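A.B. asks: These are the residues of each chain, in order.
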Amino acid sequence: MSQFKELSLQGLWKNNPGLVQLLGLCPLLAVTGTLTNALGLGLATLLVLLGSNIVVSLVRQHVPNEIRIPIFVLIIASFVTVVQLLMNAFTFGLYQSLGIFIPLIVTNCAIIGRAEAFASKNPVLPSAIDALMMGLGFLLVLLVLGGMRELLGQGTLFDGAELLLGDWARVLRIEVFHSDNHFLLAMLPPGAFIGMGLLIALKNSIDQRLAKRQIIEKGSIARARVTGSVQ
Amino acid sequence: MSFKIASSPHHHNQRTTSSLMQWVALAALPGIAVQAVFFGYGVLVQLLLAICTAWLCEALILRLRQKAVLPRLLDHSALVTAVLLAIAIPPYAPWWLIVIGTAFAIVMVKQLYGGLGNNLFNPAMAAYVMLLISFPVQMTQWLPSVSLQPVALSPLDAFCMVFTEYSCSGFSLSQLQQGVDGSTQATPLDSLRQDLAAGMTLAESLQRPVFYSFAGAGWLWVNLAYLLGGLLLIQQKVISWRIPAAVLAGLAVPSLLFWLGSAGASPSPLFHLFSGATMLAAFFIATDPVSASTTDKGRLWYGALIGLLVYLIRSYGGYPDAFAFAVLLANMSVPLIDYYTRPRTYGHKAKRNLK
Chain A
1 MSQFKELSLQ GLWKNNPGLV QLLGLCPLLA VTGTLTNALG LGLATLLVLL
51 GSNIVVSLVR QHVPNEIRIP IFVLIIASFV TVVQLLMNAF TFGLYQSLGI
101 FIPLIVTNCA IIGRAEAFAS KNPVLPSAID ALMMGLGFLL VLLVLGGMRE
151 LLGQGTLFDG AELLLGDWAR VLRIEVFHSD NHFLLAMLPP GAFIGMGLLI
201 ALKNSIDQRL AKRQIIEKGS IARARVTGSV Q
Chain B
1001 MSFKIASSPH HHNQRTTSSL MQWVALAALP GIAVQAVFFG YGVLVQLLLA
1051 ICTAWLCEAL ILRLRQKAVL PRLLDHSALV TAVLLAIAIP PYAPWWLIVI
1101 GTAFAIVMVK QLYGGLGNNL FNPAMAAYVM LLISFPVQMT QWLPSVSLQP
1151 VALSPLDAFC MVFTEYSCSG FSLSQLQQGV DGSTQATPLD SLRQDLAAGM
1201 TLAESLQRPV FYSFAGAGWL WVNLAYLLGG LLLIQQKVIS WRIPAAVLAG
1251 LAVPSLLFWL GSAGASPSPL FHLFSGATML AAFFIATDPV SASTTDKGRL
1301 WYGALIGLLV YLIRSYGGYP DAFAFAVLLA NMSVPLIDYY TRPRTYGHKA
1351 KRNLK
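First to last, the sequence lines map onto chains A and B. Read in the working numbering, the first sequence has 131 at position 131, and its numbers run on one by one without any break. Count along the second sequence from 1, add 1000, and you get the number used in the working numbering.
To be clear, the hints were calculated from the coordinates, so they are not data collected in a lab. Do not take every clue at face value.
To be verified - As a list, the in silico DSS-like pairs of lysine-lysine whose alpha-carbon atoms are at most 30 Å apart: (1) B:Lys1349 - B:Lys1297; (2) A:Lys203 - A:Lys5; (3) B:Lys1297 - B:Lys1237; (4) A:Lys121 - A:Lys212; (5) A:Lys212 - A:Lys5; (6) B:Lys1237 - A:Lys203; (7) B:Lys1349 - A:Lys212; (8) A:Lys121 - A:Lys218; (9) A:Lys218 - B:Lys1067.
What the hints assert, rightly or not - Just a sample of chain B residues kept apart from chain A, beta carbon distances all over 10 Å, derived: (10) Phe1038; (11) Cys1052; (12) Arg1063; (13) Val1099; (14) Gly1114; (15) Phe1135; (16) Pro1136; (17) Val1137; (18) Ala1198; (19) Ala1245; (20) Ser1262; (21) Pro1289; (22) Leu1312; (23) Pro1320.
These numbers come from a predicted model, not from an experiment. Glycine included, every Cβ here is placed at the ideal spot set by N, Cα and C.
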């Protein structure tokens, strides 16, 4: 159980692929224009990550060390193809709006990174949990960034959710404020970079604050005899 | 008596940042006055909004960064940024435009890089570009000069326009943009660009009322006023003559060549020099001491690069005027320019092989 906790903490916060490892930045920045796009790509990445980590972990004893990378890429590519065909069949609108970034999940370093760093060295269950948590961490960053940009850019949330979830999802669309003038910077790639920078800064400042609090809680060790100044 | 331990040269200019910035703001006053006379009182409302926003944002973020607020505010650098941005945007743009722009300039471009002295880019121009790509419609709605406006706008109208997007008597900006004869009027640079693209000759295009057969009604006077302010800054040794001179030369030389080569299809160097934002940018914006080149030779290269880029974008690019883009691109090349134009240290031989 402690391993599960540790893996979750790593994936969701301490070693978050989006905020700390800064892997898979290309899709992260390119498709987070709306919350729906972010959710779609986040889920696709999560599925691929889960599948590839499990399979890589299963075959890890049989893969020769010298050619492991091409084999991992093959495994990942097959899962991406599956996800791509599924999205093409069931969420065609979203498939079209994500475009090239679905096939490009193959090159997402977050996925091959987990296969190489974790799944190829660990049994199936921890690998699956790791994939789930890393994927969730990535998904969360995508969602926050997508929500931020959609809100600033056009004042809505879940615009176009029906593309992903079917027609009933039209009711999910929230218009937070009405604006005739879209704030284009937030919707263009520069806005994604600025938003990403702000998110990373926020995470770092939270970490610093937590660290400071921990020091205070632990308290400093009182020394009986002080020679010279102690920093 | 002051006893200072400093290495040579011992002749020091004791000017503080605060007094330098004050001079820049003061020298912009004639230009602002002329702009208010020729293009309406909107610019004054924009100035008010920009300065308030700039001070507020600066104070807020200094508190967040746990720095002393008052001394930083009193160095007037935020004031100058606000003034430059307020002058640069259309005078009757809606209020939120200048507020977003100024906040972006101060918070993102200046303070997040570490405050005054650490910003890579000119804050006012970075904010201008941000506004231009974010709100292209609002950022290009310049009214023609007052004498060509169908309805006279009072100072009260200026407030109404900026805060409600309609004048007090209910005219919208696009209605006011129409000339007396109902044709929409763009700025001189924009009209000329569209006419030349449509195959008209220079002489035909200059017949339009917006030009007064030269650099444009009002624009000539605005540019002359900023030229005056700029010369005052040089005389007071607030800025060096190198950057403005190089900017103007970088713009004038290529336009002279093209004008001599094909006089019917490209405007004269004088048109380029006295229209659009030329003088304002050459003397007030390009000379920002933080983001400009710091060596004497580098300043010449830096200015010439800006001038050349402005000529290229005005003639071949997608925008009628280009100082914001040119200044940002030149800001990016400043580290490179500074590296290759390091002055010779006294006592060392001139050329040192870098291998």
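A.B. asks: Evaluate each hint against the coordinates.
C.D. replies: Here is how each hint holds up against the structure:
The suggested pairing of Lys1349 of chain B with Lys1297 of chain B holds, with an alpha-carbon distance near 18 Å, which does not exceed 30 Å. Of the supplied pair hints, the one linking Lys203 of chain A and Lys5 of chain A holds, its CA atoms being roughly 20 Å apart against a limit of 30 Å. Distance hint between Lys1297 of chain B and Lys1237 of chain B is fulfilled; the C-alpha atoms sit about 18 Å from each other, no more than 30 Å. With a C-alpha separation of about 35 Å, the suggested pair Lys121 of chain A and Lys212 of chain A falls outside the 30 Å cut-off, and the hint is violated.
Only pairs whose Cα atoms come within 30 Å are accepted, and Lys212 of chain A paired with Lys5 of chain A is accepted, the gap being roughly 23 Å. Between Lys1237 of chain B and Lys203 of chain A, the direct Cα distance comes to roughly 46 Å. Violation of the 30 Å bound is thereby established for this hinted pair. Straight-line distance between C-alpha atoms of Lys1349 of chain B and Lys212 of chain A comes to about 53 Å, which puts the hinted pair past the 30 Å bound. The straight-line distance between the Cα atoms of Lys121 of chain A and Lys218 of chain A is roughly 36 Å, outside the 30 Å bound, and the hint therefore fails.
Straight-line distance between C-alpha atoms of Lys218 of chain A and Lys1067 of chain B comes to about 29 Å, which keeps the hinted pair within the 30 Å bound. Against chain A, the non-interface label of Phe1038 of chain B holds: every CB pair exceeds 10 Å, the least being about 27 Å. Remark: the non-interface label on Cys1052 of chain B is consistent with the geometry, its nearest Cβ contact in chain A lying 21 Å away (cut-off 10 Å). Consistency note on Arg1063 of chain B: stated as away from chain A, and its beta-carbon is indeed over 10 Å from all of that chain's, at 15 Å minimum.
Separation of Val1099 of chain B from chain A is adequate, the least Cβ-Cβ distance of about 13 Å exceeding the 10 Å criterion. In this structure Gly1114 of chain B is separated from chain A by more than 10 Å, as the shortest Cβ-Cβ distance comes to about 13 Å. Separation of Phe1135 of chain B from chain A is inadequate, the least Cβ-Cβ distance of about 6 Å not exceeding the 10 Å criterion. A beta-carbon of chain A comes within 10 Å of the beta-carbon of Pro1136 of chain B; the shortest separation is about 8 Å.
Listed as a non-interface residue, Val1137 of chain B fails to keep its Cβ farther than 10 Å from every Cβ of chain A; the least gap is roughly 7 Å. Every CB of chain A is more than 10 Å from the CB of Ala1198 of chain B (nearest about 28 Å), matching its label as outside the interface. Under the 10 Å C-beta cut-off, the non-interface status given to Ala1245 of chain B relative to chain A holds; the minimum distance is some 33 Å. For Ser1262 of chain B, the requirement that its beta carbon stay farther than 10 Å from each beta carbon of chain A is met, with the minimum near 36 Å.
For Pro1289 of chain B, the non-interface assignment is confirmed: its Cβ lies about 26 Å from the closest Cβ of chain A, beyond the 10 Å cut-off. The non-interface label for Leu1312 of chain B is consistent with chain A: the shortest C-beta to C-beta separation is roughly 22 Å, beyond 10 Å. Pro1320 of chain B, annotated as away from the interface, keeps every beta carbon of chain A farther than 10 Å; the closest lies near 19 Å.
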